[in-house]
Amino acid sequence: MPNVIFVAPYFLETTLRFIEGAVNLSGARVGLISSDPESKLPPSIRRKLAGHFHLDDCLNSKELIRAGLAFRHAWGAVHGLIAALEELQVPMAEAREALGIDGLSVRAAHNFRDKSAMKDVLRSHGIPCARHALVGGEAAALDFAAGSGYPIVVKPPAGAGARSTWRVNDEPELKRALAANPPSAGRPVLLEEFVVGREHSFDSIMIDGRLVWHSISRYYPTPLDVIENPWIQWAVLLPREIDGPEF
1 MPNVIFVAPY FLETTLRFIE GAVNLSGARV GLISSDPESK LPPSIRRKLA
51 GHFHLDDCLN SKELIRAGLA FRHAWGAVHG LIAALEELQV PMAEAREALG
101 IDGLSVRAAH NFRDKSAMKD VLRSHGIPCA RHALVGGEAA ALDFAAGSGY
151 PIVVKPPAGA GARSTWRVND EPELKRALAA NPPSAGRPVL LEEFVVGREH
201 SFDSIMIDGR LVWHSISRYY PTPLDVIENP WIQWAVLLPR EIDGPEF
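If you're matching positions, the sequence shown starts at 1 in my numbering and goes up one per residue.
Don't read these hints as lab results, they were simulated from the structure. Just so you know, even glycine gets a beta-carbon here, dropped at the ideal spot from N, CA and C. Where hints are given, some of them may not hold.
[Claimed, not checked] Quick list of simulated restraints, FRET-style, between CB atoms:
(1) Glu171 with Arg47: 57 to 63 Å
(2) Gly126 with Ile205: 34 to 40 Å
(3) Lys40 with His73: 37 to 43 Å
(4) Leu142 with Val236: 22 to 28 Å
(5) Ala98 with Glu171: 42 to 48 Å
(6) Leu16 with Tyr220: 38 to 44 Å
(7) Phe112 with Ala185: 22 to 28 Å
(8) Ile205 with Trp234: 31 to 37 Å
(9) Ala28 with Phe112: 21 to 27 Å
(10) Leu16 with Trp231: 23 to 29 Å
(11) Pro230 with Ala98: 39 to 45 Å
(12) Phe202 with Leu142: 32 to 38 Å
(13) Arg47 with Ile216: 17 to 23 Å
[Claimed, not checked] Under the rule of at most 30 Å between Cα atoms (straight-line distance), these lysine-lysine pairs were calculated in the BS3-like manner:
(14) Lys62 with Lys40
(15) Lys62 with Lys48
(16) Lys119 with Lys62
(17) Lys119 with Lys175
(18) Lys115 with Lys48
(19) Lys115 with Lys40
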């Protein structure tokens, strides 16, 4: 029986659905690492957990390692360390590496989280991407904008859910965006060429390098449109057919 640890700092409604799916896996023993107390879990989930470990900071890889060692001591072995939260992918990869657990490598996790590195990897494999630059100051940002032209997008390199993301249409707007989150050599911001188009998500499960499951969805409207127009009720659509040339 595989022993799997699910990491979920806080029990949001969507997070609980992922945890419920994990504890209902047939033939798996599932433990939970969280910052929220176990008592906040619905009884239907709590009674199916094989263990719980509380951490104040679930994004700290050293703390994840400490919790993983506790589960290993209790179970004898840990075969999987998983989570749904994007911000957890790098610290979890670091913990897996330290604990000898199979899964996404630290390098691959960084390439997923760092959107600049992600674009470099995709472009190196022939997949077109918006022009981009990591900038550590206003001068470099203005240079990129001069070469790309406006509008451009300003965002954190390792963001999620379009948070702290702006479309800027001219130099004064760019300067205001940079003033709101001043870039530095240690904390650069990511600038991207603004590209208009349909926005899709491709989710997949890989086992030993083989694609065993995938799902394609469309964000409607695009996340940036929703950020700029808070009144919009956005939707995620699953296309009925995916055999067209756009897929």
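Here is what the structure says about each hint:
1. For Glu171 and Arg47, the hinted distance range of 57 to 63 Å is satisfied, since their beta carbons lie about 59 Å from each other.
2. Taking the beta carbon of each, Gly126 and Ile205 are about 24 Å apart, not inside 34 to 40 Å as hinted.
3. Distance hint check: the CB atoms of Lys40 and His73 are about 25 Å apart, inconsistent with the given range 37 to 43 Å.
4. Between Leu142 and Val236, the C-beta spacing of about 36 Å breaks the proposed range 22 to 28 Å.
5. In this structure, Ala98 and Glu171 meet the distance hint of 42 to 48 Å, their C-beta atoms being roughly 46 Å apart.
6. Checked against the hint of 38 to 44 Å, the pair Leu16 and Tyr220 fails, with Cβ atoms roughly 25 Å apart.
7. Against the hinted window of 22 to 28 Å, the Cβ-Cβ separation of Phe112 and Ala185 comes to about 23 Å, which satisfies the hint.
8. Checked against the given bound of 31 to 37 Å, the beta carbons of Ile205 and Trp234, roughly 25 Å apart, lie outside it.
9. Range check, Ala28 to Phe112: about 24 Å between beta-carbon atoms, so the 21 to 27 Å window is met.
10. Between Leu16 and Trp231 the CB atoms are about 28 Å apart, so this pair conforms to the stated range of 23 to 29 Å.
11. Distance hint check for Pro230 and Ala98: the Cβ-Cβ separation is about 42 Å, which falls inside the suggested range of 39 to 45 Å.
12. The hinted range of 32 to 38 Å is satisfied by Phe202 and Leu142, whose Cβ atoms lie roughly 34 Å apart.
13. The beta-carbon spacing between Arg47 and Ile216, approximately 36 Å, falls outside the hinted interval of 17 to 23 Å.
14. For the proposed pair Lys62 and Lys40, the alpha carbon gap of about 25 Å is at most 30 Å, so the pair holds.
15. For the hint pairing Lys62 with Lys48, the CA-to-CA distance comes to about 27 Å; that is within 30 Å, so the pair holds.
16. With a C-alpha separation of about 29 Å, the suggested pairing of Lys119 with Lys62 holds against the 30 Å cut-off.
17. The straight-line distance between the Cα atoms of Lys119 and Lys175 is roughly 25 Å, inside the 30 Å bound, and the hint therefore holds.
18. Restraint check: the Cα-Cα separation between Lys115 and Lys48 comes to about 37 Å, which exceeds 30 Å; the hinted pair is violated.
19. A hinted pair counts as satisfied when its Cα atoms are at most 30 Å apart, and Lys115 with Lys40 does not qualify at roughly 34 Å.
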